[in-house]
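Protein sequence lines correspond, in order, to chains A and B. Note that this note's numbering numbers the first sequence so that position 175 is 175, with each residue one more than the last. Note that this note's numbering numbers the second sequence so that position 141 is 141, with each residue one more than the last.
If you're looking for bench data, these hints aren't it; they were derived computationally from the structure. Incorrect hints may have been included.
[To be verified] Only pairs whose alpha carbons sit at most 25 Å apart, straight line, appear in this in silico SDA-like list of lysine to any residue: (1) A:LYS270 x B:PRO63; (2) A:LYS270 x A:ARG208; (3) B:LYS2 x B:GLY109; (4) B:LYS2 x B:ARG179; (5) A:LYS270 x B:ALA128; (6) A:LYS270 x B:GLY33; (7) A:LYS270 x B:ARG61; (8) B:LYS2 x B:GLY59; (9) A:LYS270 x B:ALA17; (10) A:LYS270 x B:VAL22; (11) A:LYS270 x B:LYS2; (12) B:LYS2 x B:GLN37; (13) A:LYS270 x B:ALA69; (14) A:LYS270 x B:GLU62; (15) B:LYS2 x B:ASP178; (16) B:LYS2 x B:VAL22; (17) A:LYS177 x B:ALA69; (18) A:LYS270 x B:ARG179; (19) A:LYS270 x B:HIS31; (20) B:LYS2 x A:LYS177; (21) A:LYS270 x A:ARG294; (22) A:LYS177 x A:PRO198; (23) A:LYS270 x A:ALA223; (24) A:LYS270 x B:ALA57; (25) A:LYS270 x A:ASP286; (26) A:LYS177 x B:ASP34; (27) A:LYS270 x A:LYS191; (28) A:LYS270 x A:GLU288; (29) B:LYS2 x B:ASP34; (30) A:LYS270 x B:ASP34; (31) B:LYS2 x A:GLU202.
[Stated by the list, open to error] FRET-style restraints, in silico, Cβ to Cβ: (32) A:ARG169 x B:ARG61: 44 to 52 Å; (33) A:THR126 x B:GLU124: 53 to 61 Å; (34) A:GLU283 x B:ALA189: 53 to 61 Å.
[Stated by the list, open to error] A few chain A residues that face chain B, going by a derived Cβ cut-off under 8 Å, partial list only: (35) GLY16; (36) GLY23; (37) PRO68; (38) GLY101; (39) ASP103; (40) THR179.
Virtual Cβ for every residue (Gly too), placed ideally from N, Cα, C.
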Amino acid sequence: MSDTNRSTGTQLVKRGLAEMLKGGVIMDVVDAGQARIAEDAGASAVMALERVPSDIRRDGGVARMSDPEMIEGIKEAVTIPVMAKARIGHFAEAQILEALGVDYVDESEVLTPADEAHHIDKWAFTVPFVCGATNLGEALRRISEGACMIRSKGEAGTGNIVEAVRHLRSIIGDMRKITQADAAELFDWAKRLQAPLPLVQEIADTGRLPVPMFCAGGIATPADASLVMQLGAEAVFVGSGIFKSDDPAPRARAIVEATTNFADPTLLAKVSRGLGGAMPGLELGDLETRLADRGW
Amino acid sequence: MKIGVLALQGAFARHAAVLSAVGAAPLEVRHAGDLAQVDALVVPGGESTTMSMLLEASGLREPLEERLAGGLAVLGTCAGMILLAAEVLDGRLDQRPLGAIDLGVRRNGYGRQVDSFETEVAVEEIGAPFHGVFIRAPLVERVGPGVEVLAEVDGHAVLCREGNVLVSSFHPELAGDDRIHRWFVESAAAGPDPVPEG
């Protein structure tokens, strides 16, 4: 149907889809049935993967991109955007996901890294990428590689919000300090963050990342969603927190309502009632593998 | 002019920023009490299924339907167009559009994200072409007799008006150009247009 001059895969349309996902909840799903539950509950997108992070953690072994058949089943089941994960540095998996027509690729530390030095050159793709970050330097390196959305990493599969809070506070706290820095200090910030100077200068001007910043890793309750939104996240990813809870559908819906009304404690009290058990959760000190340490 | 921006999910903050830039006073609308205070409303892009669910959950749907029936000036972009349309094709079975403008729209009618695009859109009402940003955009497949088509891309309407309801399948809030918002605010301030005969 194309007659006019159309530009696809531009930064504006890639970052634009992230803008459309703001204020929403992106839910991990492992099959079409879960995808429908997520969509019914008001998810603004789903992340298709073979095992949720808590199962990846339990099972061990190498975690890879999901089977294309499973991703296609999920694409057919829902009308909302479908994201999928590629291993860090595994550009061939990302090429396959692009060919499958997924709407966002997550170059994710939840899967086993394929390259211990290089992330994917994301500028080479039409499909947009989201990447995790534990601090501002990591976020800016990913943006310089072409990421169009950043998610604070947290510690996936734990149901423990403490790492998500640490990472969000680190990223936002440093941005706040940079807005107070003078021009000479910005060079030092760029050096310490190991990040490109122009991006540091942009933060000094705007006080925010040039792409949307969402939060992931450990969100298990409506209150968790409210907490990270109040700290400055613009949307939330929920992985194991929904489908590893006692009653996924009402919890999913409650987290959606909590994300919209994150600053309204009366409503949060209402939607938090009677949801059954949350996912059990893990103490960080007990972990053998810190997924958030993956990424360079 | 107090212009509400439906703030259930999506690109509401970007709309509010453009509205402030053109001198309007934006107000985020999440509850019926917010809606009661506004003179006009923007329904932003985002996910229409999410916003539909939250319209019901927040108790906003009925008061919004009443305000729309009373001639509330409204600008709907992308998912906002879907929510305001009379008919949604390829939507979910339980998706009930608000029916404020007589259009039939197909969700994601231009394709998935890899097909999202930018192109120049000729809009006579605002002079020089407008930069159209189309993101998983809805495709207008049926235009009712009372609807004015203000711009087209490849033979499909992308900017339409019926009475006080203005909708676009693209994202004026992402274009770095405030002419469509300015025009919307000025038209809303001028009061209701006569409904065209026809």
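| request: Can you let me know if the beta-carbon spacing of THR126 of chain A and GLU124 of chain B is within 53 to 61 Å? | output: violated (32 Å)
| Does the structure keep LYS270 of chain A and GLY33 of chain B at a Cα separation of 25 Å or less? | holds (18 Å)
| said: Against the 25 Å threshold, does the CA-CA distance of LYS177 of chain A and PRO198 of chain A hold or violate the hint? | reply: At roughly 16 Å apart (the allowed maximum being 25 Å), PRO198 of chain A and LYS177 of chain A satisfy the hint.
| message | What's the verdict on LYS2 of chain B and ASP34 of chain B, does the C-alpha distance respect the 25 Å limit or exceed it? | response | holds (11 Å)
| Is the straight-line distance between the alpha-carbon of LYS270 of chain A and that of ASP286 of chain A 25 Å or less? | Cα-Cα ~33 Å, so violated.
| Would the pair LYS2 of chain B and ASP178 of chain B pass a check requiring their Cα atoms to be no farther apart than 25 Å? | holds (17 Å)
| Hey, LYS270 of chain A versus ARG294 of chain A, does the alpha-carbon distance stay inside 25 Å? | violated (38 Å)
| query | Quick one, are LYS270 of chain A and ALA57 of chain B close enough, alpha carbons at most 25 Å? | reply | holds (12 Å)
| request: Would you check the hint for LYS177 of chain A and ASP34 of chain B, treating anything up to 25 Å between C-alpha atoms as holding? | output: Distance of about 35 Å is beyond 25 Å: violated.
| request: Starting from the range 44 to 52 Å, see whether the pair ARG169 of chain A and ARG61 of chain B falls in it by beta-carbon distance. | output: violated (37 Å)
| message | Interface hint check: PRO68 of chain A, Cβ to nearest Cβ on chain B, cutoff 8 Å. Holds or violated? | response | violated (15 Å)
| Are the Cα positions of LYS270 of chain A and ALA69 of chain B separated by 25 Å at most? | Cα-Cα ~31 Å, so violated.
Hint violations for this structure: numbers 2, 3, 5, 9, 10, 11, 13, 17, 18, 20, 21, 25, 26, 27, 28, 31, 32, 33, 37 and 40, all remaining hints satisfied.
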